[in-house]
Every structure is written in C-alpha cells, then in structure tokens.
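If you read the sequences in order, they're chains A and B.
Mapping of the first sequence onto this note's numbering: residues 37 to 318, in sequence order.
Mapping of the second sequence onto this note's numbering: residues 114 to 429, in sequence order.
Keep in mind that a hint or two might mislead.
[As the list claims (entries may be wrong)] In silico lysine to any residue, SDA-like type, Cα no more than 20 angstroms apart, as pairs: (1) B:Lys-240 - A:Leu-54; (2) B:Lys-240 - A:Ser-56; (3) B:Lys-420 - A:Leu-54; (4) B:Lys-235 - B:Gly-336; (5) B:Lys-235 - A:Asn-41.
[Unchecked claim] Derived CB-CB ranges, DEER-like: (6) A:Ala-113 - B:Gly-190: 44 to 54 angstroms; (7) B:Ala-318 - A:Leu-150: 14 to 24 angstroms; (8) B:Phe-416 - A:Ile-212: 42 to 52 angstroms; (9) B:His-279 - A:Ala-50: 23 to 33 angstroms; (10) A:Trp-64 - B:Met-291: 55 to 65 angstroms; (11) A:Ala-215 - B:Pro-219: 53 to 63 angstroms; (12) B:Val-187 - A:His-95: 49 to 59 angstroms; (13) B:Asp-202 - A:Ser-40: 30 to 40 angstroms.
The set of hints was computed from the structure by calculation and includes no laboratory data.
Even for Gly, the Cβ is constructed at its ideal location relative to N, Cα and C.
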Amino acid sequence: MTRSNQLSRYLVLAVLLLASVYFLAPVWWLLVSSTKTNTDLFTGNGFWFAKFALFGNVHQVFVQQGGIYWQWLANSALYAVGGAAVSTLIAALAGYALAKYSFRGREFTFNSVLAAVLVPQPLLAVPLYLMFSGVHLVNTYWAVLLPSMVSPFGVYLARIYAGASVPDELLEAGRIDGAGEFRIFATIALRIMSPALVTIFLFQFVAIWTNYLLPVLMLANDHLQPVTVGIVGWQAQRGIGPTAVPFNIVITAAAISAVPLVILFLSLQRFWRSGLVAGSSK
Amino acid sequence: MTTALHERTAGPARAAGARRTGRRRRRGRPVALFLAPFLIPFAAFYLAPIGYTLYQSLFRMHRSGLGLTAPTQVFVGLANYATALGDADFRGSLLRVLLIGLVQVPLMLLFALGLALLLDAKSTLFKRVFRLAFFLPYALPGVVGAIMWSYLVAPGLSPITTAAHHLGLHLNLTSDAMLAPTIGNMLTWGWTGYNMLIIYSALQAIPAELSEAATMDGCSAWGIAWRIKVPLVRPALVLTTVFSIIGTAQLYNEPAILHNVAPNLSSTYTPIYAAYDAVNADNFNAAATESVILALLAFVLSFGFLKLVQRKGAAL
C-alpha cells in the first residue's frame with residue numbers, strides 16, 4: 037500500500053471516530069449520570085463517574101410514586117406486544133391477499149395503503165382523541181391499543197415479500213390437494229413469510245414503545261400510561277419542590293426504559309435492516 | 114368492497130366453465146375475509162380521523178353570551194382557515210418549522226451521505242462497529258433522546274456549557290436564539306444514523322465491478338464517489354429527503370420536552386404543538402384547521418420535491 041493511501045485511510049478513520057464521539061458521547065453521559073447522586077450531577081466532570089449510586093438510583097426509580105414505574109413498563113409491554121402482534125397478523129393477511137389474488141380495486145386499495153404510510157402520525161392523534169372522547173374510550177387501554185393495531189407499512193412490506201417469495205405453484209398445488217384458502221395461507225404462506233413478519237412486528241413494536249403524542253393525549257390516568265409518558269411527566273416536574281422527582285432518578289428511569297429496545301435492536305439486526313432496505317426500494 | 118376474482122393463470126386444467134365460476138365464487142369470499150381485518154380498523158383509525166378533521170375544520174362552536182345553554186355547532190366555511198392563517202403565532206410556527214427543515218434536513222442528509230460513502234469505501238476499517246455506533250441513537254426511544262438532550266443543554270446541568278465556561282465562553286443553549294439550533298441538533302443526532310443506513314444499503318447494492326472498472330480507468334476514490342455512487346443512490350436520497358420533510362413537519366416531541374427545561378420556548382413553537390395547545394384550550398375546530406393546513410403543507414412540499422427531482426431526472 038502506498039503512503040498516501042495509508043494516510044487517507046487514517047484520515048477516514050479519524051473522521052469516523054469523530055462522528056462516533058458525536059453519536060455516543062450523549063449516551064455515555066446518560067449512562068454515567070444514572071450512576072450519580074443528584075448533587076454530583078451538578079458538580080465535576082459530566083462525562084466521568086463520581087460516587088457510584090447506580091443501585092440506589094435504580095431502587096429509587098422502582099419505588100418512586102408508589103412503584104408506578106413497574107406499571108408503566110407493564111403498560112408499555114402490553115401496548116407494544118399486543119398492538120404489534122395483532123397488526124402483524126392482519127398485515128400478513130392483507131399483504132398476502134394483495135399480492136396473491138387479483139380482484140377489482142386491488143391497486144386502489146394498495147395505493148391507499150401506500151399513501152397512508154406517508155401521513156404524519158401525529159396529525160391523526162388529535163382527531164382520534166376527539167373521536168374517542170365521543171365514545172368514552174379516552175382513558176382506557178383501548179385508546180392506545182386500537183390505533184396501534186393498524187400498520188400500513190406492515191401491509192406494504194407483507195405484500196412485497198409475499199409477492200416475491202411465495203411461489204404461485206405451491207399455492208396451486210395446495211388447491212389441487214383440496215386445501216381451503218385459509219389453510220393454504222396458514223400452513224404454506226405464513227411460514228414462507230415469517231422473516232418479513234418478524235420485521236413487521238419489530239417495526240411496529242418499536243413504533244408503539246416509542247410513541248408519545250397519542251398516549252399523552254389519550255391517557256390522563258397515570259396508571260394507564262406507557263413509560264414514555266410517565267418519565268416525561270417526571271421530567272416536567274423540573275426537580276423543583278420537596279415532592280418532585282430528582283434529576284438523577286429521571287435520568288436513570290429514561291436509561292432503563294431504553295434497555296428493552298436496545299436489546300431488541302442488537303439481537304434482531306438482520307430484520308430491521310431488511311425492513312429499511314424494503315422501505316428504500318419503493 | 115369489490116372482490117370479483119380474475120383467474121391469474123389460464124391453464125387447461127380449469128377449462129371447464131362451470132367449474133371455473135364455482136371456483137371464482139369460492140375464492141371471492143376469502144379475499145374479503147383476508148382484507149377485512151385490516152381494512153376495517155384502517156378505515157376507523159386512519160381514514161375516519163382524516164375525514165373528521167376536515168369536517169371539524171369547517172365548523173365553529175357558538176356559545177351563548179351567558180354560557181347557560183349548550184354550545185351549538187355552526188358551519189362557518191373557510192373562516193377557521195382565515196383565522197388560523199391570520200394568527201401570527203401559528204404563522205410563526207409554520208415559518209419556524211420551514212426554516213429548521215431548510216437548514217437541518219440538507220445538513221443531516223449530507224452528513225448521512227458522507228458517513229455512508231466512507232463506510233462503503235473498500236479500505237475502511239471497523240465498518241461494523243462504526244455502523245452500530247451511528248445507528249445507536251435511532252435505537253433509543255425519541256423521548257429518551259429528547260430528555261437526555263434537554264439535560265445536556267439545560268442551564269446549570271449542561272456539561273457542554275460547563276466545558277465552554279472553562280474555555281472562557283458563556284454559552285446558553287436554551288436562549289431564544291439558540292432554541293432552533295438546539296432542536297436541529299437533537300434531530301440530526303437522532304436521525305442521521307437511520308438515513309445513513311438507508312443510503313448505505315443502496316450503496317451496497319451497487320455492483321463492485323463498476324468502481325473497479327473506474328479505478329482501472331484512473332478514477333480517484335472521490336471521483337468514484339461523486340460520479341458513480343451518488344447518482345446511483347439517488348432514489349435512496351430522494352426517499353430520505355421526503356421522509357425528513359414529513360418528519361420535520363410533525364415536529365413535536367423535541368420542543369415539548371425541551372420546554373420543560375426552557376420555559377422560554379413557547380407553546381406554539383411548532384404547528385403540531387400549536388394544535389395540541391388548541392386542544393388543551395378546548396378549541397377543537399382550531400386544532401383541526403391547523404392540522405389540515407400542516408398536512409397540506411407537508412404534502413405540497415414532499416410532493417413538490419418529488420416532482421422537481423423527477424423532472425430533473427428526465428432532463429438528464
């Protein structure tokens with residue numbers, strides 16, 4: 037390798053390292069801060085450890101306000117698992133039908149689904165709130181669960197994947213053997229589509245777990261809130277007053293709430309990458 | 114919903130006309146049953162809210178002077194639109210989002226493109242590690258990232274202003290003038306990795322022979338990047354731009370959470386924030402109107418951008 041090549045190689049490395057510092061330093065600060073006492077947060081080097089108080093902080097997060105953090109995590113899990121499971125199943129059904137049957141209105145249906153992918157979600161939250169308050173669904177689990185069950189992006193992905201990977205011959209063979217359409221779907225198509233289904237589930241799970249505007253509008257009762265709404269409620273107390281949640285507890289709570297997602301991302305890398313690639317090949 | 118089936122493959126096996134109609138009828142019903150579980154909630158939780166918003170934006174609640182009788186809803190045509198557009202706060206929020214988008218989106222996408230090109234270069238070391246590092250912010254919930262940044266810029270708590278202070282600089286990242294750059298930074302930090310991954314995936318799909326041939330012809334690494342790779346990942350760049358425009362239009366979490374450490378940030382800072390504020394003030398018609406205006410603006414901008422690049426693409 038020539039000298040200038042070697043030089044440019046180190047230059048590239050330096051640029052990438054600098055970018056990594058930009059992306060990682062804030063997360064490092066969050067982790068370091070979750071190990072500090074509230075007073076140590078305001079003194080000394082923000083990016084290095086002081087008195088190690090992580091276990092005390094974690095304990096405090098889970099007993100604060102009568103241990104409501106457990107409830108928030110459970111609520112988030114309920115919304116994310118329930119919403120993602122149902123939306124994945126109905127997206128698989130609809131995507132499969134759109135890919136494998138031809139019927140009048142097929143393209144129109146698919147184009148409406150595609151257009152819906154581009155509708156900014158927060159715009160739907162306000163009218164949904166108004167509609168749900170009319171039928172007394174506000175402040176119930178259903179207020180967040182029901183809208184979470186629809187994933188136009190999931191239908192898009194399921195259609196693309198079913199169209200590309202489920203062979204017509206296999207379906208035809210099933211029909212000749214006398215299997216019903218649902219049996220063919222459940223025993224043949226669903227199995228072939230399973231990688232796409234994991235991707236759809238993952239994306240919808242993340243979208244629901246990280247959603248903030250819809251649940252904050254719908255749920256005034258803090259026992260129904262997901263963890264995102266809960267910790268912003270703590271942050272909004274600004275650490276002022278004797279009953280306010282201290283900053284280090286808010287930081288620790290925020291860090292804990294990110295753990296399930298980071299684990300999910302790291303363990304299922306293959307699947308979220310395939311989802312992003314599908315999104316970009318439109 | 115129409116579910117008349119057309120046979121996809123006409124083979125000798127299904128020549129018999131009677132059998133064919135029987136099969137057609139039998140298979141028409143499954144299509145409806147396959148689609149209904151999605152289409153019914155889709156209509157209820159996607160289409161209905163859109164229709165309801167449009168409807169609400171044309172009405173106004175009239176309360177009698179004493180407020181003793183129930184308020185009545187009156188049709189006011191486009192009057193709500195005139196009110197919303199005449200409202201300096203709302204106009205300001207639209208302009209603010211437009212400005213943040215005009216500066217932040219190109220900067221972020223250039224950054225993402227640059228990182229993707231560097232990661233795609235053959236001789237780059239530790240690609241996997243870097244890719245993970247850049248993508249980590251996307252794996253954090255947006256709310257957690259926003260809370261984290263709110264403390265990272267909060268006066269008194271911010272390690273950034275402390276460091277600047279040691280250098281003799283007096284920095285206040287939550288002052289009125291710094292709010293927009295601070296929010297722009299939060300967005301850039303959160304979304305560069307996501308956009309980079311989309312562009313990177315497109316780069317990976319380019320056949321290696323193309324750059325090899327160009328190298329043989331004496332093309333430099335820069336030349337290959339600009340003349341071959343960037344034009345080939347154009348669809349990915351268009352897509353990330355459209356997604357970013359839509360994302361900027363719906364800006365809400367970051368300013369709302371930043372507000373908790375920066376009380377000077379107004380509750381009409383972005384259009385969604387303004388609409389949410391109108392809901393809290395029980396003015397649903399104003400909230401609906403502002404939502405429609407914002408949706409139209411996002412649609413015109415993203416669609417206009419698509420048309421623009423399409424025309425340019427055709428001319429090339």
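Starting from the hint 55 to 65 angstroms, judge whether the C-beta atoms of Trp-64 of chain A and Met-291 of chain B obey it.
Violated - the Cβ-Cβ distance for Trp-64 of chain A and Met-291 of chain B, about 23 angstroms, lies outside 55 to 65 angstroms.
For the range 42 to 52 angstroms, tell me whether the beta carbons of Phe-416 of chain B and Ile-212 of chain A fit it or not.
holds, 47 angstroms
Can you let me know if the beta-carbon spacing of Ala-113 of chain A and Gly-190 of chain B is within 44 to 54 angstroms?
Cβ of Ala-113 of chain A to Cβ of Gly-190 of chain B: about 47 angstroms, so the range 44 to 54 angstroms holds.
Note whether the CB distance of His-279 of chain B and Ala-50 of chain A lies within 23 to 33 angstroms or breaks it.
holds, 24 angstroms
Please verify whether Lys-235 of chain B and Asn-41 of chain A have alpha carbons no more than 20 angstroms apart.
holds, 12 angstroms
Please work out if Lys-240 of chain B and Leu-54 of chain A have their alpha carbons no farther apart than 20 angstroms.
At roughly 14 angstroms apart (the allowed maximum being 20 angstroms), Leu-54 of chain A and Lys-240 of chain B satisfy the hint.
Given hint Gly-336 of chain B paired with Lys-235 of chain B - CA-CA distance at most 20 angstroms:
The given pair, whose Cα atoms are some 14 angstroms apart, holds under the 20 angstroms limit.
Take the C-beta atom of Val-187 of chain B and the C-beta atom of His-95 of chain A, compute their distance, and say whether it sits inside 49 to 59 angstroms.
Holds - the Cβ-Cβ distance for Val-187 of chain B and His-95 of chain A, about 57 angstroms, lies within 49 to 59 angstroms.
In this structure, is the beta-carbon distance linking Ala-215 of chain A and Pro-219 of chain B contained in 53 to 63 angstroms?
holds, 54 angstroms
Pair hint Lys-240 of chain B and Ser-56 of chain A, alpha-carbon separation not exceeding 20 angstroms
holds, 12 angstroms
Beta-carbon spacing of Asp-202 of chain B to Ser-40 of chain A - inside the hinted bounds 30 to 40 angstroms or not:
Taking Cβ atoms as reference, Asp-202 of chain B and Ser-40 of chain A lie about 56 angstroms apart, which means the hint is violated.
Given a hinted range of 14 to 24 angstroms, is it respected by the beta-carbon distance of Ala-318 of chain B and Leu-150 of chain A?
holds, 22 angstroms
Checked against the numbered hints listed earlier, the structure breaks hints 3, 10 and 13; every other hint is satisfied.
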